[in-house]
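Q: Here are the chains, one letter per residue:
There are 2 protein chains.
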Amino acid sequence: MKQKHCDSITTDYERIFHPEKIAIIGVSAEEGNTGFGRGIFDAIKTIGFAGEIFLVNPKGGKIGDYVIHKQVGNIPEKLDFAIIAVAARLVPEVLEACLEKGAAGAEIISSGFSELGTTEGKDLEKKIQEIAARGIRVIGPNCFGIYCPKSGLTLLPGPDLSRQSGPVAFLSQSGGMSIDFAHTGKWMGIRFSKVISFGNGADLRETELLHYLASDPETRVIAMYIEGIKNGDAFFRAIKEAARIKPVVIYKGGLSLAGQRAVVSHTASLGGSRTIWQSILNQVNACQVQDMTEMAQSCLAFSLLPAKEFRKISVIGGGGALGVTACDTAENFGIEIPPLSAALQAKIEAFLPQPGSSAKNPIDVANPYVRPRALQEVLRLAAQDEQIELQIIIPLLYHYKPLAEARGKSVAEITPYKELAFAIHDIVKETGKPVIAVMPNPKKGADDLDILEMLALARKEFLERGIPVFDEISDAVRALGNVNTYYRKEGFGK
Amino acid sequence: MKQKHCDSITTDYERIFHPEKIAIIGVSAEEGNTGFGRGIFDAIKTIGFAGEIFLVNPKGGKIGDYVIHKQVGNIPEKLDFAIIAVAARLVPEVLEACLEKGAAGAEIISSGFSELGTTEGKDLEKKIQEIAARGIRVIGPNCFGIYCPKSGLTLLPGPDLSRQSGPVAFLSQSGGMSIDFAHTGKWMGIRFSKVISFGNGADLRETELLHYLASDPETRVIAMYIEGIKNGDAFFRAIKEAARIKPVVIYKGGLSLAGQRAVVSHTASLGGSRTIWQSILNQVNACQVQDMTEMAQSCLAFSLLPAKEFRKISVIGGGGALGVTACDTAENFGIEIPPLSAALQAKIEAFLPQPGSSAKNPIDVANPYVRPRALQEVLRLAAQDEQIELQIIIPLLYHYKPLAEARGKSVAEITPYKELAFAIHDIVKETGKPVIAVMPNPKKGADDLDILEMLALARKEFLERGIPVFDEISDAVRALGNVNTYYRKEGFGK
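Those sequence lines, one after another, are chains A and B.
Quick note: the first sequence uses the working numbering, first residue 3, plus one each step.
Quick note: the second sequence uses the working numbering, first residue 3, plus one each step.
Careful: at least some of the hints might be erroneous.
Because identical chains cannot be distinguished in the list, a pair is counted as satisfied if it fits within a single copy or across any two copies.
Here are the simulated BS3-like pairs of lysine-lysine, each with C-alpha atoms no more than 27 Å apart in a straight line [stated by the list, open to error]:
no. : residue 1 : residue 2
1   : Lys349    : Lys128
2   : Lys310    : Lys362
3   : Lys445    : Lys47
4   : Lys124    : Lys310
5   : Lys431    : Lys47
6   : Lys435    : Lys310
7   : Lys403    : Lys462
8   : Lys61     : Lys431
9   : Lys445    : Lys420
10  : Lys47     : Lys411
11  : Lys152    : Lys403
12  : Lys103    : Lys124
13  : Lys47     : Lys232
14  : Lys462    : Lys445
15  : Lys403    : Lys445
16  : Lys349    : Lys152
17  : Lys445    : Lys152
18  : Lys64     : Lys242
19  : Lys420    : Lys431
20  : Lys362    : Lys124
21  : Lys435    : Lys445
22  : Lys403    : Lys420
23  : Lys232    : Lys128
24  : Lys232    : Lys362
25  : Lys403    : Lys47
26  : Lys491    : Lys128
No lab work stands behind these hints: they were computed from the structure.
The following block holds chain A by itself, in its conformation from the complex (with noise of 0.2 Å):
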């Protein structure tokens, strides 16, 4: 896709995300190496890219087949990207010589520009910012750059990103939270369509990327950290029009005094006030969350789930105090959880163990011992109520470990995850109300590991059918709240 870049050049984000040629600047060939030019060669030969790489090093040399330039004019073809982790004053002229190359964009990786506060640093920034206005758009610098699961450019430190394309977009001003966030979302059942970690935002920067990210096919959800932007107004009118297309869950640092200072953002930024924030981003129906949990959790929910509200719903499973934790949770986010009629509760009870168990809503169990098949009998006896628009089941497989341990086979063997995910696939084809799982484990110790792998385990069977899971009732009751909140205005995200 090519988008006109203030109004006079044109972006060939094709070109940037899915790139035929790149070249990595500031590989050494070097044994035992550990700078950022050779961390992110391996990384994207771990990772698996499959385009054609050219390195480029002043000394030359090779790494097994790569044959290393000594400068980028060197390279025999012409560029459709660049990754550039050269010292900082050297950055401008591998950067001129891209542009040359014909690189439709650059990420700068290295660091040492305006973040230092210093005027040799605010120079170098504004020097790629005259070469890039000449037609090659940089991401950067001081950043980790681009995570694109279908073409396999990777972030920094990331050779074990999944590589499954998926419909979450993330722009991050912080390395660090780009590189967690997609790691979060690797097990967690997040799939992104591409993560872009802009660092100083020299060139393109929030605003841009998120009218890119609006009309990018590829995205269904666009998720953001920011510290500190660069124009309020334009940037406020950005997220208005990517938020009427689809979810914009924005995740705002820096809200509190001391953050402020802590954001060393050297950008005319916005002034942080929290209520300020709060009621803009309230205005433009972007969904503002308060921590890279919350983020990861809601864009799961919205990435999983169907694009509408959900105000009723069933909560099966888990026994007393998790339905009361429900019922308590849901009401802080404005869901019911009505009673069932009384003619489904008597049908219901038959599928559950006496005495202790209630077919009410909250549907308590009562045991954790109850087969798939029970269960999937409830859930599609629950979906038959009109009301009930989403249900949400609490199966406690940790208590599996001791029958797993007077059996002598393994916590994995013996619980019947996969059988649960199977009959839960079925009933939400069955019904068309689509079911959240939660999976709460008390038991972490390093005793217990046997458990945490079981549990991961079950996840992946859970999200291979489409099937959201997390770890705790209020968890999934809040990520709903945020999708339930952002469907409620009309004419968004449809």
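Let chain A serve as the given structure and place chain B on it in line with the hints.
A: Showing chain B alone in chain A's frame:
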């Protein structure tokens, strides 16, 4: 410790929590029996209860070397405590027999009483109360019983709980919550004096147990999960009295309308209004928490930190965005992260890698591989600033995984968590200022179980040296906020 009951009889809590002779009534000798009686007998043997155990079942028989008596009356000795797991209708008769055998108390695991809402159930519970009033104190019915690490009494499904005793007592109306909290405490580092699941609370319940725990020398922190209470005035007077002496952490379930419906309490319970609870608990300086996680984290902080308020703290490690999150969260809880003096900043800089680090506070070490010795120097220097009352260190230990892979070793082998625990321990002793460790981990998938293992081992090392560990900076700061709120008021917990 003996205490007066209803101004008439004396309760011998010592014989209830640390009994020498107990009976378990309702234990089946059948092979493969999974009844409650057998379950609790197995659990108590596994955990290693040191006293004498007598078994009772009308069918008689033997389990290993244990003879099963046909009636309580046949037990050849006086009892201290009884565990009753027979059908509801048989409970009164059995309880009466235990009273005759001299038992100071009994826990009734069986359900089928007032929680059913039937006349029969209510009548049976009334009978229990009548017998209890004649001198045997009752825990339950419809509960998981008592866990007392010192004596080796344990909850119904608790064979694998810790035998380490500690300062936290937990009272819970919900059995599920009692066992989940005990397990959570095990890996999180909460050590218990006693955990009491009191279920329907026919006899001993919130108010009287609170009185007992307030004066129990083994208990320094009291936590409670309550759904409905019996006598509002007496309960709040009991909290007020207890909170003067030691922190009382309260998780009240069922504050929502739906939650109240989910609470099948059948007790004359104080209306669940959120506002009323909040304002009363506030008045008596109890610490109200919103879920089990916050309750656990607060108990950890209360039990491992010195009894005082910590208004100004330093935050070390983690990287830019985590520092920003720390500041934002701290402000929410009235905690300051003030800049260190310029002189100290200069000294700290000498131990930090350049560029990218910051010695201001939050101190960004910019590199996850900074050695424990260097981190120790940073902690030592930051503590020299007189404003600083507590330090939070955020080692990003999961970053050692790629290094371990490169060196062909396990993550646990290569990560210097032991050195770090020793280094921090020394600094706490030297400076007298507590240190909290925060160890986040974005890698929790099936591919990264080795990281989870390493972190579980690291947590153990830290906890063994009295250093509280949290997963997220926001968790640590929230728990600290609760500690501060309690000790801020004059004359509490002293």
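Q: Quick check: which numbered hints come out false for this structure?
A: 1, 4, 5, 8, 13, 16, 18, 21 and 26
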